[in-house]
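Let the sequences and hints guide you as you build the complete structure.
From first to last, the protein sequence lines stand for chains H and S.
Under the working numbering, think of the first position of the first sequence as 1, with each following residue one higher.
Under the working numbering, think of the first position of the second sequence as 1, with each following residue one higher.
Hint data in this document are derived by calculation from the structure and do not stem from the laboratory.
Keep in mind that this is a model prediction, so the values were computed, not measured.
Check before you lean on any hint, since a few could be wrong.
Some chain S residues judged to face chain H by a derived CB distance under 10 Å, without partners named [said to hold, decoys possible]:
no., residue
1, 35
2, 72
3, 222
4, 264
In silico BS3-like pairs for lysine-lysine, Cα to Cα no more than 30 Å straight-line [unchecked claim]:
no., chain 1, residue 1, chain 2, residue 2
5, S, 68, H, 68
6, H, 175, S, 68
7, S, 398, S, 175
8, H, 175, H, 398
Here a beta-carbon is modelled for each residue, glycine too, at the ideal position from N, C-alpha and C.
2 protein chains.
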Amino acid sequence: MTLFDRIEIEAMDARDPLRGLRDAFVLAPDEVYLDGNSLGVPTHAAQAELLRAARDEWGGDLIRSWNKAGWFDLPVELGDRIGRLIGAAPGQVVVSDTTSVNIYKALHAAMALRPGRRTILAEGGSFPTDLYIAEGVVSTLPGARLRLEGVDGPAIEQMLDGDVAAVLVNHVNYKTGALRDMAALTARIHAAGALAIWDLCHSAGALPVELDAAGADFAVGCTYKYLNGGPGSPAFVYAAQRHLGQARQPLSGWWGHARPFAFETGYEGDPGIRRFQCGTQPILSMRALQGALAIWDGVDMAALRAKSLALTDLFIQQVEARCAGLGLRLESPRDGEQRGSQVAFGHDHAWQVMQALIAGGVIGDFRAPATLRFGFAPLYLRHMDVLRAAETLEQVLKSESWRDPRFAARSAVT
Amino acid sequence: MTLFDRIEIEAMDARDPLRGLRDAFVLAPDEVYLDGNSLGVPTHAAQAELLRAARDEWGGDLIRSWNKAGWFDLPVELGDRIGRLIGAAPGQVVVSDTTSVNIYKALHAAMALRPGRRTILAEGGSFPTDLYIAEGVVSTLPGARLRLEGVDGPAIEQMLDGDVAAVLVNHVNYKTGALRDMAALTARIHAAGALAIWDLCHSAGALPVELDAAGADFAVGCTYKYLNGGPGSPAFVYAAQRHLGQARQPLSGWWGHARPFAFETGYEGDPGIRRFQCGTQPILSMRALQGALAIWDGVDMAALRAKSLALTDLFIQQVEARCAGLGLRLESPRDGEQRGSQVAFGHDHAWQVMQALIAGGVIGDFRAPATLRFGFAPLYLRHMDVLRAAETLEQVLKSESWRDPRFAARSAVT
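Given below as structure tokens:
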């Protein structure tokens, strides 16, 4: 690493069109936070909105806030705001429940739209909750079965047959960061007569997503990663306009009713996206998310993607140059076109290496069994942060500081 | 109303053993809040915990708070704390998702434990989401059917036959406040070979509940009414110890897995109550609830019940004495033994009357089609508040101030 490189990297920050957004975030000055793909950083606006909700709305107007502060409509209001980031026209996205619960709704809706077909396809390499929920759906549908890419067949494209009703697929792989071509795969799925459900947990807010243009049928995603909504903030679900009204899902709670306050005995689903709601939502968490989403007004998604690729390319280049022969294996696609906004390296002692990195002020995470995972949130990271992360990783590996016994103990949550 | 009565009522407040708890709550000095059965009032502790969670945990330790602040174990920790209020020994209650979603889990679990039986019984007068969710469960179980008390038969007790697998019943009716005898009805349900699922939304925190002693099988409830957890704070679900390990529910997300961080491809449910979890929970809302539950340490539930009955008896007595002939009809049981902590009066112009009451600083709510509903939260209400509410209602009805056109417009959320 020459001084010249450092000057070049500082120049990248100086000409970064998104550089002004960093000040909106609550960041520790002495840390490099590369875990925004697990839990995003709060903005000052998100914290301020949460405080207002707790003090003036809950603590002041109390029950009247359902109307006065617009609490009841937050799921559709925030849904439309997220819709703008994922290429969904208004009225197709609602914020509600968790990603897991929303996968359950979407899979059931898709299966009901393809009567006679009994197979769900998913990915063996998926974040596991997608598979666990698909198992749960299968358990409620006689004759249904779940088949997994990489386990029961080589690739989704080659597993599409006349029995496939729904394909549940991740836009960006949670571990490797591998990015799917949404339009191309959706077209293949439709050509086979099946419906496509996209999991956007690792792409919403990380790169441009075009659900409507790709012809996606359903989608789900979380809001606490690149959308910075706060720990466990409510998830979203998308249903394409053409399926609204006819799509049915069995979590038919009162918030999905056509007339929730008429207190009728029988269920009649709302004709729009509200049918994908179920019960009363956690408003404090929802209000923090509302504050968090404000930063996206005016963000150019093409500029976001360009910066994301610049950050991840720089990280791969710096790490490989500095750490050659030190046991790291790139687990993410090298080609930026096939990569989300994260980079994974395998290492035989990944757990300890990550603990040593964290002790050195570089926060990434570990994924079992042996992966170091680094997320690059373009709204608040600088190119110089990437340099510091690579330098710290080099230092940890060269000094073997990760062998310190204090880095061996596993915590409950990884 | 004589001066002597007022002096007597002031004396009731002076000797109230719970009177010291009121100061823990954030209350407007000029209002009487009788809507704690819809949205409970925040405690200063709940707001403080929320602020700490937003600033120091999310904004400071970020991802590390999952371990350091104990976020991941909040559902079971808070579950056990609620368990102490509802007569459940540790390890049987978990805080997760919404009441609606938890009803779905409990009904599925109960149906799977009674193979061959296909009927769910519920109440025609139930809060509707219970019925809507039961419809949703029925839609996923071939041959299953839902029968309603008051619609398909006269009373739950007389509808129990050999096909009934599960009975979903409210401990306290959301509208009338009618209280069921949990032990007696559970025994009848068990004698018929069925399982009992109790909805505690209007009893948890309002009166003593004894799930274990009554032999209940499952229970659900919300935390934003008498438990004051905040708007839409996460709900709870109870499964009796004898059902743990064998009870299955199809919302099999990763938080219910025996080893959630092993990222295994196949689902294996946790052997304990964690199996009733699904996905990542809204931690900010959960932390406010944690702060809210602190006030219950040391609260004598018998004293709580005694005060609740004193408040509701006083309200009925005062309203009936002051408002005779003014069109009110008591819709709650007159006998305190059969009543929860709320009082309902019917009135032909209930909507307008409630708006006029609210304008007069007495906050209750309206329930379609023609009910004035008043909740009495014993932790923060005084007997003098009851007097003022009755006086205000008398004034609104005698002056007919409710006829003011500004009280006619309906809001979206009632």
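Here's how the hints hold up against the structure:
no. : hint          : in the structure
1   : 35            : holds (5 Å)
2   : 72            : holds (5 Å)
3   : 222           : holds (7 Å)
4   : 264           : holds (6 Å)
5   : S/68 - H/68   : violated (37 Å)
6   : H/175 - S/68  : holds (24 Å)
7   : S/398 - S/175 : holds (25 Å)
8   : H/175 - H/398 : holds (25 Å)
In this structure, only the earlier hint numbered 5 is contradicted, and the remaining ones agree with it.
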